[in-house]
Amino acid sequence: MKYLSEKFDVIIVGGGPSGLTAAYFLAKAGLNCVVLERGKELGAKNVYGGRIYSHNLFNIFPGFEKEAPIERWVRKERIFVLDKNDGLSIEFHKSNEQLKNSFTAYLTKFVKWLGEKAEGEGALIATGVRVDSLLLENNYVRGVIADGEKMEADYTIVAEGANSILLENAGLKKKTEPHEVALGIKEVIRLDEQTINQRFGLESSEEGLAGLLLGEASKGMIGGGFLYTMRNEVAIGVVVRLDEFERRRIYSHEIVEDLRLHPMLKPLLRGGYMLEYSAHLIVEKGASDEKELYGNGYLVVGDAAGFELNTGLTVRGVDFAIESGKLAADTIIEAHEKGKNGAEALKIYVNKLRESFVLKELKAFRKAPKFLRNRRIYEVYPKILCSFFRDIYTVKGVPKRLYPTLRGNMKGKISILTLFKDLIGAVRSL
Amino acid sequence: MSSSIDERKLSIDERLSLDNFEIDKESHIIVDTNICRRCASKVCVYACPAHLYRLENGEIIFNYEGCLECGTCRIVCPLGAIKWNNPRGGFGIHYRYG
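In the order they appear, the protein sequences are chains A and B.
In terms of the numbering used here, the first sequence opens at residue 807 and continues consecutively.
In terms of the numbering used here, the second sequence opens at residue 3 and continues consecutively.
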């Protein structure tokens, strides 16, 4: 740790996608920066579902598709709507033009690759180092306390992730409430690549499927499920908003096992064995207030800044993390040239975020979290849809016209008025 | 590897045994069980994905070994009984397929 006693231009707290992207660009610009990562190696603490959207990667890391540890390009998007013992699915098969818009990957491996890029530019990455607290003096972040030692820097980038205890302990972020975050639980099941190709209808091992699961996947709680094909594994998981556990009192660790054994998923996973069980928080409330994104001597990036977007159909975080890391680096490079590190000088970070897709998209969907809080999406509509198809596909020699069947399935569950209200809500917020 | 998982649910302990941990001597989470005694909710028992909070004779029993470091317990605890810290550098869960 001796080399850590020198003074750095920039300390980056956390070696995830946002922190490492910031390190890459800072080092490239010749700034003296260090990434402090508490895991024994990069990626040891990173967990997500399994998919990265590539739109900004093509600009930020040209040629990444030849170097990065990509598992499969997402050819198919499948939505599952599950009831207890049956369910329906709808699949979108992409053309070649769209194929490279997203890929599945293990974040653990992806950040190791990002780390090599950053080190290649001269960034220092210190693993196995825990930041105990931010070094806050007179309303100024002057660095950090790491493993009991003071480390100073002109700039600190807080990339600590969704469980943002350093910012909260320093009073720089409001305490996280249960309704603002969700718990994601994932299981990784080893199959072999040919089996995966066959079961999911994939032409080759370069192409994969991404699944979104609704209804029984989260036992009707606010949340859902996901399924991603990796090269030799399938990652399946559930997401449940934290305030739901108080209401429903279901063991979180049981939900994912019930999903794995659901009649619609079981045959897809047959013969596999489990490699790992993991969990992580997901920010559901949207971006932090602009005042919480920067301050004297510091900037906040990635999950810690709330840069995650759930539109109901797409769930994104890594592309936002990488973009915000780059913009934080750009901000510091500019401020450093002027020799300034106060909040006034760092405020341009917010402007850069606003001009980028980060705040443009998060703002466009600012009403989405409230709409997605509507429990009928998870509890009522999946059941109506499943019972509708159950009726339609059960021929008994009695007339079943579509509309009366649908009305029959809605009866006692939802009124036409409420249905219209929800549809208008969806139009306004999504 | 264990017998087929096709037809049966794996217990949480079976699943945690698949994970890599470097367990520290000291707990990174401190639970004030005196506060838990007057907690009517005890929602941590349900929310923790590693099932590390268990009820025995109405009392919360907590074990930090097996912690997946998600932070759920800290956020759901209604009485602030849980003091959460990241484990010391290099310790705790070591994900391979995160």
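Worth double-checking, as some hints may not be accurate.
[Said to hold, decoys possible] As a list, the in silico DSSO-like pairs of lysine-lysine whose alpha-carbon atoms are at most 30 Å apart:
1. B/K44 to A/K1091
2. A/K1097 to A/K1158
3. B/K27 to A/K1072
4. A/K915 to B/K44
5. A/K956 to B/K85
6. A/K1166 to A/K980
7. A/K890 to B/K44
8. A/K846 to B/K85
9. B/K11 to A/K981
10. A/K834 to A/K906
11. A/K956 to B/K44
12. B/K85 to A/K980
13. B/K27 to A/K918
14. A/K890 to B/K11
15. A/K813 to A/K890
16. A/K1072 to A/K915
17. A/K882 to B/K85
18. A/K1176 to A/K1219
19. B/K27 to A/K915
20. B/K27 to A/K846
21. B/K85 to A/K981
22. B/K27 to A/K1025
23. B/K27 to A/K1091
24. A/K980 to B/K44
25. A/K906 to A/K1025
26. A/K1166 to A/K1091
27. A/K1173 to A/K1202
28. A/K890 to A/K834
29. A/K956 to A/K1097
30. A/K1025 to A/K1097
31. A/K906 to A/K890
32. B/K44 to A/K1025
33. A/K918 to A/K1158
34. B/K85 to A/K1097
35. A/K981 to B/K44
36. A/K1176 to B/K44
Hints listed in this document are in silico derivations from the structure and should not be mistaken for laboratory results.
For each hint, the structure was consulted:
Proximity of B/K44 to A/K1091 is assessed by CA-CA distance (about 24 Å); at most 30 Å being required, the pair is judged to hold. A threshold of 30 Å between alpha carbons decides the hint, and for A/K1097 with A/K1158 the separation of about 14 Å falls inside it, so the pair holds. A threshold of 30 Å between alpha carbons decides the hint, and for B/K27 with A/K1072 the separation of about 40 Å lies outside it, so the pair is violated. For the hint linking A/K915 to B/K44, the alpha-carbon distance of about 37 Å lies beyond 30 Å, and the restraint is violated.
Restraint check for A/K956 and B/K85: satisfied, since their Cα atoms lie roughly 23 Å apart, inside the 30 Å limit. In summary, the hint linking A/K1166 to A/K980 is supported, as the alpha carbons are separated by about 23 Å, within the 30 Å threshold. Between the alpha carbons of A/K890 and B/K44 the distance comes to roughly 28 Å, so the proposed pair stays at or under 30 Å and holds. Straight-line distance between C-alpha atoms of A/K846 and B/K85 comes to about 23 Å, which keeps the hinted pair within the 30 Å bound.
Using a Cα cut-off of 30 Å, the hinted pair B/K11 and A/K981 is violated, with the two alpha carbons roughly 36 Å apart. Taken as a hint, the A/K834 and A/K906 pair is honoured in the structure, with Cα atoms around 27 Å apart against an allowance of 30 Å. Simply put, A/K956 and B/K44 have alpha-carbon atoms about 38 Å apart, too far for the 30 Å limit, and the pair is violated. For the suggested pair B/K85 and A/K980, the alpha carbons sit about 17 Å apart, so the restraint of at most 30 Å is met.
This hinted pair checks out: B/K27 and A/K918 have alpha carbons roughly 28 Å apart, not beyond 30 Å. Between A/K890 and B/K11 the CA atoms are separated by roughly 16 Å; this keeps the pair inside 30 Å, and the hint holds. Between A/K813 and A/K890 the alpha-carbon distance is near 59 Å, which puts this suggested pair outside the 30 Å criterion. Restraint check: the Cα-Cα separation between A/K1072 and A/K915 comes to about 28 Å, which is no more than 30 Å; the hinted pair holds.
Using a Cα cut-off of 30 Å, the hinted pair A/K882 and B/K85 is violated, with the two alpha carbons roughly 43 Å apart. Pair hint A/K1176 plus A/K1219 holds up; C-alpha atoms about 22 Å apart against a cutoff of 30 Å. The suggested pairing of B/K27 with A/K915 holds, with an alpha-carbon distance near 28 Å, which does not exceed 30 Å. Restraint check for B/K27 and A/K846: the C-alpha separation of about 16 Å stays at or below 30 Å, so the hint holds.
For the given pair, B/K85 sits about 13 Å from A/K981 by alpha-carbon distance, which is consistent with the 30 Å threshold. A threshold of 30 Å between alpha carbons decides the hint, and for B/K27 with A/K1025 the separation of about 37 Å lies outside it, so the pair is violated. The straight-line distance between the Cα atoms of B/K27 and A/K1091 is roughly 36 Å, outside the 30 Å bound, and the hint therefore fails. With a C-alpha separation of about 23 Å, the suggested pairing of A/K980 with B/K44 holds against the 30 Å cut-off.
The suggested pairing of A/K906 with A/K1025 is violated, with an alpha-carbon distance near 33 Å, which exceeds 30 Å. A distance of roughly 16 Å separates the Cα atoms of A/K1166 and A/K1091; the hinted pair therefore holds under the 30 Å criterion. The hinted pair formed by A/K1173 and A/K1202 fails the criterion: a straight-line CA distance of about 44 Å is larger than 30 Å. In summary, the hint linking A/K890 to A/K834 is not supported, as the alpha carbons are separated by about 53 Å, beyond the 30 Å threshold.
Restraint check for A/K956 and A/K1097: the C-alpha separation of about 26 Å stays at or below 30 Å, so the hint holds. For a cut-off of 30 Å, the pair hint linking A/K1025 to A/K1097 is broken: about 37 Å separates their Cα positions. For the proposed pair A/K906 and A/K890, the alpha carbon gap of about 35 Å is over 30 Å, so the pair is violated. Our distance criterion of 30 Å between C-alpha atoms is met by B/K44 and A/K1025, whose separation comes to about 20 Å.
A C-alpha spacing of about 27 Å is found between A/K918 and A/K1158, which places the hinted pair at or below 30 Å, so the restraint holds. Under the criterion of a C-alpha separation no larger than 30 Å, the hint pairing B/K85 with A/K1097 is consistent with the structure, at around 26 Å. Proximity of A/K981 to B/K44 is assessed by CA-CA distance (about 20 Å); at most 30 Å being required, the pair is judged to hold. Pair hint A/K1176 plus B/K44 holds up; C-alpha atoms about 27 Å apart against a cutoff of 30 Å.
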